[in-house]
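Number of protein chains: 2
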Amino acid sequence: MVGEFNLIEKYFVARQHPRKDVVLAAGDDCALVKAPNDVAIAISTDTLVAGTHFLVDANPAWVAHKALASNISDLVAMGATPAWVSLALTMPEVDEAWLEPFCTAFFELADYYGIQLVGGDTTKGPLSITLTVHGLVDANNALRRDGAKVGDWVFVTGNLGDSRAGLDVILNPDLCHRPHAQTLEKAHYLSTPRVLVGQALLDFATSSIDLSDGLISDIKHILHRSDVGVSIDIAKLPTSEHLELFLNDPTLAKQYALSSGEEYELCFTVPDELKENLDSRLAHCGVKVTCIGQIRSKGVFDIHYSGQPIEWEVSGYDHFK
Amino acid sequence: MVGEFNLIEKYFVARQHPRKDVVLAAGDDCALVKAPNDVAIAISTDTLVAGTHFLVDANPAWVAHKALASNISDLVAMGATPAWVSLALTMPEVDEAWLEPFCTAFFELADYYGIQLVGGDTTKGPLSITLTVHGLVDANNALRRDGAKVGDWVFVTGNLGDSRAGLDVILNPDLCHRPHAQTLEKAHYLSTPRVLVGQALLDFATSSIDLSDGLISDIKHILHRSDVGVSIDIAKLPTSEHLELFLNDPTLAKQYALSSGEEYELCFTVPDELKENLDSRLAHCGVKVTCIGQIRSKGVFDIHYSGQPIEWEVSGYDHFK
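Taken in order, these protein sequences are the chains called A and B.
Residue 320 is where the first sequence ends in numbering that gives the first Met the number 0, and the numbering goes up by one at each step.
Residue 320 is where the second sequence ends in numbering that gives the first Met the number 0, and the numbering goes up by one at each step.
It is possible that part of the hints are untrue.
[Said to hold, decoys possible] Where chain A lies over chain B, by a calculated footprint (3+ residues, C-beta under 8 Å): (1) 16-26; (2) 39-45; (3) 122-132; (4) 165-179.
Simulated from the structure, these hints should not be mistaken for laboratory data.
Beta carbons are placed, not taken as given, at the ideal position from N, Cα and C, and that holds for glycine.
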């Protein structure tokens, strides 16, 4: 067993390619970083708690990926470029068999996105991970939730619903014999932050949010902040073939797509006059985007299925409920 | 009971005087802040876990103070001016009787130090608090751990040992009848970050650290990073009258002063030629400073009592031990 200080030294210090804007990364009371002049810093914090956000016996590499990817996803939704992250790790005891794969996956993903660990804290207690991520973005162009206008088109990246189906498999092992159960379980943990899409949408999209609480919940934040309404065609929600085969129920697949949390795809709005240019704007990103609806006047919340009303109740995810 | 979103709205949004450098504080995927040109950002993260860093039934206002003050203390040790903080709060359930005093104390202290909450996360799980604080400092002048030179004098602010005595009272209620037990218990939670001292030491002190793990542990970080040794006279360690009356054992009081964790006083080194100017440099701070020793060559770790060797073992605090 190693103590707290050795733990930090052994697992966290000097594991990464250093960024030039990190003046001091570890070993002092604070890290010191420098942002380029006239660029804003985007900051976001998220906690993952064992038993709430992942099972205690979940693959530690997948937990690391989920923790970092979900945080980077918040930067993406602002169009920010990932820069620095701090990691607060609370564990019941120093478990090197857990730490080794956790750190390897964490630093692999961090290096991939060019985000550097600039400090953190290790404490004793029930397993949980809190990350604070920092990104860089032009403050005047940052993608916010409050810029959607009536007539803008609503898009999402990737497919929706896989994460919730994966959670079903995690919570109910009986489902693991269904088609693609393992793929979906993995999808729950291993989302891909859409960094290139976020950056490409700067100066183009009018609003943006990442899907962490479910499309139906998250889009309400855009509506609330932008003072608008929306019309969404559930028939257009993109779902994977894996999800469709796993559920074997087309309506249920759409329900999953609408409410699946921790999806970390991007939902954004584009003005009508730019809609045609979207494909060329995103051509280098290699990510599917799908138009699922349109912004309407404030008060309109029209969820339909190819123009037909739907008969089931829609709701998102709230950790405290 | 309110849900996660209402919780954030009700307790955390718009509770503070806004800073001009905060472009976007809450309600979006990230906060957006702007640092002045050519100034570095100091970042530090600390977690407080119920059962490890405070008792579950501890006064929530005191817990808030401890969490924020201990984090600001890391900024102080770099000479940084507090700017922004993010708060990740994990609770078993939404407990408004706990949240109200916690938030009131948190925002009172935040306003006092001019640090603005710029986002956070509320999650369900065992009670814990992770803060990431950000401060602003000239990167070339920041107080670091690695600048101590042989011959520099070692100083500490305030008194040492009270925090550990307070912890004794918290963990062993039988001690609450001893003199000043309540004062010491309060001292454990309600430390005062030495912001003015930290700033006054810029361009003056050669190294600095805040005392979170105990003087004997923390000073080793300066020695390690600066590649030097130290001589400390335990007789000179400043202790409060409260501590002396509580313990009623002068030697034990010095032991407490040497090893007391979570003290959040500042330990710093000053070159011989500046020693005489220290009092005038710190005159506006209203904080006692005491010279407790001198930096020696690498390898020297001389802890003595007015020149006499000491006979008891000295050690700091490690959460995982």
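Evaluation of the provided hints:
Remark: the segment 16-26 of chain B is confirmed as covered by chain A, as 3 of its residues place a Cβ nearer than 8 Å to a Cβ of that chain, reaching the required three. Coverage of the segment 39-45 of chain B by chain A holds in this model, with 7 residues showing a Cβ closer than 8 Å to a Cβ of that chain against a need of three. Proximity of the segment 122-132 of chain B to chain A, defined as three or more residues with a beta carbon under 8 Å from a beta carbon of that chain, is established by the 7 residues found. Against chain A, the segment 165-179 of chain B contributes 0 residues with a C-beta closer than 8 Å to a partner C-beta. That does not satisfy the three-residue criterion, and the hint is violated.
This entry does not satisfy hint 4, going by the numbered hints stated previously; all others are met.
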